[in-house]
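S.K.: Using the supplied hints, reconstruct the complex from the two chains, each of which is provided in its own coordinate frame.
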Amino acid sequence: MLRVIDVKKYFPVGTRIFGKSRHYLKAVDSISFNAFQGDSIGIVGESGSGKTTLARVILRLIEPTSGEVYFNNINILKLGRREIWKLRPKMQMVFQDPMASLNPRKKIKQILSQVFEIHTNLTRQEILERVIELLEKVGLTPPELFLDRYPHELSGGQRQRICIARAIALNPELLIADEPVSALDVSVRGQIVNLLLDIYEQYRITYIVISHDIALIKNICKNALVMYLGKMVERGEIEKIINEPLHPYTQLLISTIPIPDPEIARKRKRVSVIGDIPSLLNPPRGCYFHPRCPYSMDKCRLEYPPLVEVDDRLVSCYLYS
Amino acid sequence: MFSSSKILEVSNLYVQYLTLQGIVKAVDGVSFSVGWGESFAIVGESGSGKSTLAFSVIRLLPENSRIVNGKILLYPENIDLVKLPEEEMRKIRGRRIGMIFQDPMTFLNPVMRIGDQIAEAIIYHQKCSPTEAKRKAVKLLEKLRIPDASDVVNRYPHQLSGGMKQRVVIAMAISCNPQLLIADEPTTALDVTVQAEVLELLKNLINEYNMSLILVTHDLGIVAEICDRVAIMYAGKIMEIGDVYRLYKNPKHPYTIGLLNAVPTIYKSKNEIAGIKGSPPNLINPPIGCRFHPRCPYVFDKCKIYEPPLIEISKSNYVACWLVG
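Sequence order for the protein chains is G and A.
Under this note's numbering, the residue at position 175 of the first sequence is numbered 175, and the numbers go up by one with no gaps.
Under this note's numbering, the residue at position 219 of the second sequence is numbered 219, and the numbers go up by one with no gaps.
If you are wondering where the hints come from, they were derived from the structure by calculation, not from laboratory data.
Watch out, some of these pointers could steer you wrong.
[Stated by the list, open to error] Listed below are the simulated DSSO-like cross-link pairs for lysine-lysine, each with C-alpha atoms no more than 27 Å apart in a straight line:
#1 A:71 to G:107
#2 A:143 to G:267
#3 A:277 to G:137
#4 A:249 to A:277
Okay, chain A solo, but in the shape it has when bound (with noise of 0.2 Å):
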């Protein structure tokens, strides 16, 4: 019912580093939407500047870092989270919009019972007793297929596996109900088939509570299990956005294609895979014109000095290329 309305939207969005080199242009003029109940994917390699976008949203960012120009707006009421002052940026982060993150165990207390951590944002936000989030804490394990779940709150982060760890990552950012979940790259530091596991589970949580989800990852292959709509990231700028039936069928960005066939898959035969030549760019001197023009097999001398707009192909579909449009 809500799928045609937004629940955030980030426009022109730039956020730099300042680092002993100089300025890093980490994420440079980005814009986007997310919809209700949509599963957005933001995809791109290290240094892309997709966690640094992520991070943005809920405002985690580290000290050398600033936003310094653009808007991110939660709706329905329009809050624009660039602006917000700490405090009810606290209220937002956990309640309205939740966070997994890559590494479980950097994430998580090593000295903390996983009940209590749990527990923790149970108590800020919704002001209930201790026993009662608790008891919450336990429900919410046995949602994400934890065997023992009431024996497991009493345990500390170490006697769980990675990907015991995980969920209970996952049960934290569910556990007041957010209607944004963004996640860092979730499954990145987990085994294949524990991976599949848990990406099953959040895929089923996000259908259930219609929650809208960021995926951000460079693992093309589970966008495409999980995700509607992709946006693809090269050097801090967004290169093409689509439909993720759309993108992976017909690509048009030429680091999209590229992208997409230096993945090795076993639907491939031998021989296919193509890499991109060259490697991503340093973000303090980004080449003029178009970022991906060291790299593009089609490049010509327009893109060497003027840098393509993200122009809209279709719906929702929009690519950033002198080649298109």
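Same shape as in the complex, but just chain G (with noise of 0.2 Å):
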């Protein structure tokens, strides 16, 4: 249904007026993946790893360097700027920051109207029962209440529940939702997650959930992708990249998870941590995590490692090739 093939999004760095620039940033580089109808990918990362930018890619927010996205077998990073909009009904996102992603000016009323508006052909009263039944579904009950309120008289939660309410306004068949719930208070979270599950259960939409947080991909998401400085590291089902991960990486961040367990958390076994994440701007040679991995060899200072699969995964590290 989804297919994300060698995708990259270079951006320019210190660009002269005229000519070229001879930096580039590499945000995204060479990621593919497959999404089939009904699955659960969670996109895994820590800042600057370029989740969000792919995200963004796939949805063709912005332009990418090269690659091929299919939607529904169409390549949606050939079609023109008409077609492309009368898919993105089928194509929704939720953002991080519901505060910055809502009008500040508009009734929570006129908000979700503006969808159908937009793109069906549905009389006012049809759409009014329409955004009633949508903030039914999204719990904010009874939806009378909320109709004429501002975004900022809601909650966070509150606020991020309208947005999950406007992404799913038409069906759409996949949703990106980036850092849902990172923005809201630990108590809300939870609201959040279960109101992402249900939908997810009740539509069998593709989802795609963006977060820096493993724990949170793993109450949501079947598959996960592992990204590090705009590279994937390692790609597979999340239950076994949790219980056994491949990539050194990937083991790092599962061991410096916070446990919220006093007992396993002072028992269990840390990988050491050496230094910082680098910057993309002046990424080490060779594999990018090498100054950081425990087991970095001579050959991992020279080039990056290709893509393996190993037990049903996919990995790039030299430990496995």
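M.R.: As structure tokens, this is what we get:
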């Protein structure tokens, strides 16, 4: 249903007025994956790993440098403006900061009606009915209480529910949620995660959830893609990745998640971390992870390791090839 | 050896903010104490008053706030920090109580070299020469495992990565060997893998210097890693205080239970995360009775009228809930 083939997004750095820039920031570098109808894929990575850029390319909110993205066998990167516009209702996104993605001067009613006004021919009355139905679906009850409110009158969790309602309004086939709970309080996060899970189960849409929190991904998704500095380092079933991480970076990531249980937290073995994440403007030669990797070999310093298949998973590390 | 005696005691503290909308009761009758060498965590969501509480202790509250009532006693001299004149307070800040803030970039002066910033406090409190202070700064950075420390002291904050900056902030906080360190969300601005390293470092420093720590955070995960005791705050009040092992294994307050269930972990299977219904209250008009009652699954009539007191259920374990005791 969704095929992402060798997608790259390079941002030019230090562009001169005339002529081309000589440096590029490789925000997303050769990422490929498939998602079938009803798949749920998590994209995990720390800041600067390119996870959000990848999502934006998939929805064509920004133009990639190269690569192909097929959505229901249509290469969306080749579509014209009108054609992509017609496809928009089928592919939706929920952003990290709900306050920033809702118009502060519009009432909730207007925000949600707009979707139908643009993409359907429903009458005003029909639209209102749909909006009420949507509010109920995302747990904002009684809906009449929310119709005439403005985004600033809602709490963070309620605002995120509005964003989710807007995203599912036209029954999308693909939903990308970019850090859907990061801006929310811990006690509210659970509600939104459960709402996302309910919607997933109810509509069987294809889900892509982006997060820096692999524990969150584990609770929502079946498969995952681990990114580090624009590259995919590991891909496979999330259960397998968590139980037996192959790439040393994935191992590091999993061993460093804080565990809310002092008994487990203080007994577990930690992978020792060496240094900070390097800058993408000046990535290390060879494997990007080698300066921090406890297993780094001579080979790792020379060339970036290719992706190899190990135990139904893809991993790019010389330890496995 | 000091483990049984206190270093800090906060009793019945009330802190309010005056805003255009009304008086915000950010900290409303909070009492707790921290022992020598103890790591104490204050956990709460945004708006729970946890940072206000921490800032009250070092008296760095914004102008529109006031400490209405209560005592903050610093031991062994029994100094009441609430009543201390500003001049005396300056001698305590940095020297007796160190502070680590959430965002290192806003804490560090962007136009001042790293070394000079660290040296500033050392010169003020220890009355030593600038060259001596700078030498100490290099030593501190080495202690915090910063590579090429003698080169880093000559750099500016923007030339360092987030993790490095936070380590510089920690170096500044411990530069005058304080007995108590207050850390307000020290790793929230950092990536997970970097966070682990900074936490490890902090934990080792505290053990090495036998410092007490007050860690303010929303993350129950990092509390489990490094703290001895926890206070759970909600809407300006402490709901539960307890030993970490007890609190995580056998939480008593419905809010603590809800909070622990709301954290996704890799050890839980799918569909097990449960949120708490509703959202935190507005502190201008907090709910009458127990502040948590509108969101509590076990609420009964008494909760809506009377506020439950914080009662001791066992040694150093306290809960404020009508269901308990």
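S.K.: Could you tell me which of the hints above the structure violates, numbers in ascending order?
M.R.: Hint check: 1 fails alone, others pass.
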